[in-house]
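A.B. asks: One-letter residues, chain by chain:
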Amino acid sequence: DAGVTQSPTHLIKTRGQQVTLRCSPKSGHDTVSWYQQALGQGPQFIFQYYEEEERQRGNFPDRFSGHQFPNYSSELNVNALLLGDSALYLCASSFGGLAGRRTDTQYFGPGTRLTVL
Amino acid sequence: AQTVTQSQPEMSVQEAETVTLSCTYDTSENNYYLFWYKQPPSRQMILVIRQEAYKQQNATENRFSVNFQKAAKSFSLKISDSQLGDTAMYFCAFAYRDMRFGAGTRLTVKP
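So the protein lines, in turn, are chains H and C. Numbered by the numbering used here, the letters in the first sequence go through residues 1 to 117 in order. Numbered by the numbering used here, the letters in the second sequence go through residues 1 to 111 in order.
Everything labelled a hint here was simulated from the structure, so no lab data went into it. Note that this is a predicted model, so its numbers are computed, not measured. Virtual Cβ for every residue (Gly too), placed ideally from N, Cα, C. Watch out, some of these pointers could steer you wrong.
What the hints assert, rightly or not - Some, not all, of what chain H presents toward chain C, calculated at C-beta under 8 Å:
| id | residue |
| --- | --- |
| 1 | Ile12 |
| 2 | Leu39 |
| 3 | Phe95 |
| 4 | Thr105 |
| 5 | Gly111 |
| 6 | Thr115 |
As the list claims (entries may be wrong) - These stretches of chain C come out as covered by chain H in the derived footprint (C-beta under 8 Å, 3 or more residues):
| id | stretch |
| --- | --- |
| 7 | 23–29 |
| 8 | 41–51 |
| 9 | 58–64 |
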């Protein structure tokens, strides 16, 4: 049973560029959440996708956007990169994560390390 | 807004001994979930234990157990018979619609 997978593992970009990160959820899961983890800090919630729509969003600017595909995989896009966007980006999957319903356990992928120069 | 506080940035314990990690949270919700996740140097976030707020019984998973005090909004993690492989960052997390994490506690198990 494949767990949550993310690609790429590492990425180096320069300020002002755009980046796309990818996530495939654990088998049987239909909900994907994205987190940003700066060095030495806990993960910060970016947004959650369920049924191909953004259902919940944390305190992140519109430069952060996402998408969920019919096979439940997801992409995180960040435009106009800033030095402060350098972080580990974690994807987590769960089942039935519709806002207002029961929040199931989230399983995390290995993350994508983004460095902005 | 829900907040999660871990007041112990670093802790250490001798191998085979017991250690308790503290976590408090703030919420006005009644039905929610609490988690402890472990993040070793490999950076993979691994679920340690989960507690549903509507359950009074404390969750246990092998050497890991929690002390859930709903009224006090406290959720501590006890690790018994500590092993070298338990060395990692430990994050407490609160889940209601989204998930909020504490700043983490770095645990070192010493031989």
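A.B. asks: Does each hint fit the structure? Answer for all of them.
C.D. replies: Verification of the hints:
1. Look at Ile12/H: its Cβ only gets to about 17 Å from chain C, farther than 8 Å, so that hint breaks.
2. For Leu39/H, the interface hint is violated, the least distance from its beta-carbon to any beta-carbon of chain C being 11 Å, above 8 Å.
3. Of the supplied interface hints, the one on Phe95/H is violated, with its beta-carbon coming no nearer than about 13 Å to a beta-carbon of chain C, more than 8 Å.
4. Given the 8 Å rule on beta carbons, the hint for Thr105/H holds: about 6 Å separates it from the nearest Cβ of chain C.
5. This hint holds: Gly111/H has a C-beta 5 Å from the nearest C-beta of chain C, less than the 8 Å allowed.
6. Here the hint on Thr115/H is broken, as its CB sits about 14 Å from the closest CB of chain C, past 8 Å.
7. As drawn, the stretch 23–29 of chain C meets chain H at 0 residues by the rule of a beta-carbon pair under 8 Å; below three, the given contact is violated.
8. Counting residues of the stretch 41–51 of chain C whose CB falls under 8 Å from any CB of chain H gives 7; the rule of at least 3 is met.
9. Interface restraint, the stretch 58–64 of chain C with chain H: violated (0 residues with C-beta to C-beta distance below 8 Å; minimum three).
Hint compliance for this structure: hints 1, 2, 3, 6, 7 and 9 are broken, all remaining hints hold.
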